[in-house]
Amino acid sequence: MIGKVQALAQLPDRGSAERAAHAVVTTLSERLPSGLARHVAAQLPPDMADAMRRTRRRCPARGDRVLGNHGDSNHGQGVRAPVPRRARRASGSG
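Residue numbers (my numbering): 367 to 460.
Since the hints were made in silico from the structure, they are not lab data. A portion of the hints provided could be inaccurate.
[Claimed, not checked] In the SDA-like style, the derived pairs of lysine to any residue whose C-alpha atoms are separated by at most 25 Å in a straight line are:
{"#": "1", "residue 1": "Lys370", "residue 2": "Ala386"}
{"#": "2", "residue 1": "Lys370", "residue 2": "Leu394"}
{"#": "3", "residue 1": "Lys370", "residue 2": "Thr392"}
{"#": "4", "residue 1": "Lys370", "residue 2": "Asp416"}
{"#": "5", "residue 1": "Lys370", "residue 2": "Arg404"}
{"#": "6", "residue 1": "Lys370", "residue 2": "Gly381"}
{"#": "7", "residue 1": "Lys370", "residue 2": "Val406"}
{"#": "8", "residue 1": "Lys370", "residue 2": "His388"}
{"#": "9", "residue 1": "Lys370", "residue 2": "Arg419"}
{"#": "10", "residue 1": "Lys370", "residue 2": "Thr393"}
{"#": "11", "residue 1": "Lys370", "residue 2": "Glu384"}
{"#": "12", "residue 1": "Lys370", "residue 2": "Arg397"}
{"#": "13", "residue 1": "Lys370", "residue 2": "Leu398"}
{"#": "14", "residue 1": "Lys370", "residue 2": "Ala415"}
{"#": "15", "residue 1": "Lys370", "residue 2": "Ala389"}
{"#": "16", "residue 1": "Lys370", "residue 2": "Val390"}
Remember, predicted model here, so these are calculated numbers, not experimental data.
Hey, can you work out the whole structure from these sequences and the hints?
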């Protein structure tokens with residue numbers, strides 16, 4: 367995977383590709399809802415999956431927010447992800 371990152375991003379060395387890949391995985395793990403982050407981690411090579419899981423443990427709640435668009439009134443502060451209808455029905459709140 368790192369070789370593909372290096373080639374596609376035209377990075378000069380493997381170390382640069384590793385840093386770039388880890389930065390992407392870290393950012394994704396901070397932003398994705400926890401279920402989706404676990405799904406993505408399960409498809410990654412072990413070292414990348416471990417990096418994603420470590421980040422999730424450090425900031426578990428951050429990824430469960432949906433970031434607003436730059437042009438909206440939230441200015442990227444994040445809003446709670448909508449609860450699916452069947453989850454609302456199961457909890458008796460909708």
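Between Lys370 and Leu394, does the CA-CA distance stay at or below 25 Å?
OK: Lys370 and Leu394 at ~19 Å, within 25 Å.
Is Lys370 close enough to His388, meaning Cα to Cα at most 25 Å?
14 Å, holds
25 Å limit on alpha-carbon distance, applied to hinted pair Lys370 and Thr393:
19 Å, holds
Quick one, are Lys370 and Ala389 close enough, alpha carbons at most 25 Å?
The given pair, whose Cα atoms are some 15 Å apart, holds under the 25 Å limit.
For the pair supplied as a hint, Lys370 and Ala386, is the alpha-carbon distance within the 25 Å limit?
Answer holds: Lys370 to Ala386 is near 12 Å, not above 25 Å.
Is the hinted pair Lys370 and Val406 satisfied, with a Cα-Cα distance of at most 25 Å?
18 Å, holds
Given the hinted pair Lys370 and Asp416, is their alpha-carbon gap at most 25 Å?
Given pair Lys370, Asp416 holds - Cα atoms ~19 Å apart, limit 25 Å.
Please verify whether Lys370 and Thr392 have alpha carbons no more than 25 Å apart.
Roughly 18 Å between the alpha carbons, so the hint for Lys370 and Thr392 holds.
Quick one, are Lys370 and Ala415 close enough, alpha carbons at most 25 Å?
17 Å, holds
Are Lys370 and Val390 close enough, with their CA atoms no more than 25 Å apart?
14 Å, holds
Can the restraint linking Lys370 and Leu398 be considered satisfied, given a maximum Cα separation of 25 Å?
23 Å, holds
Pair hint outcome, Lys370 versus Gly381 [Cα-Cα no greater than 25 Å]
Since the Cα atoms of Lys370 and Gly381 sit roughly 13 Å apart, the hinted pair holds (cutoff 25 Å).
The earlier numbered hints are all upheld by this structure, with none contradicted.
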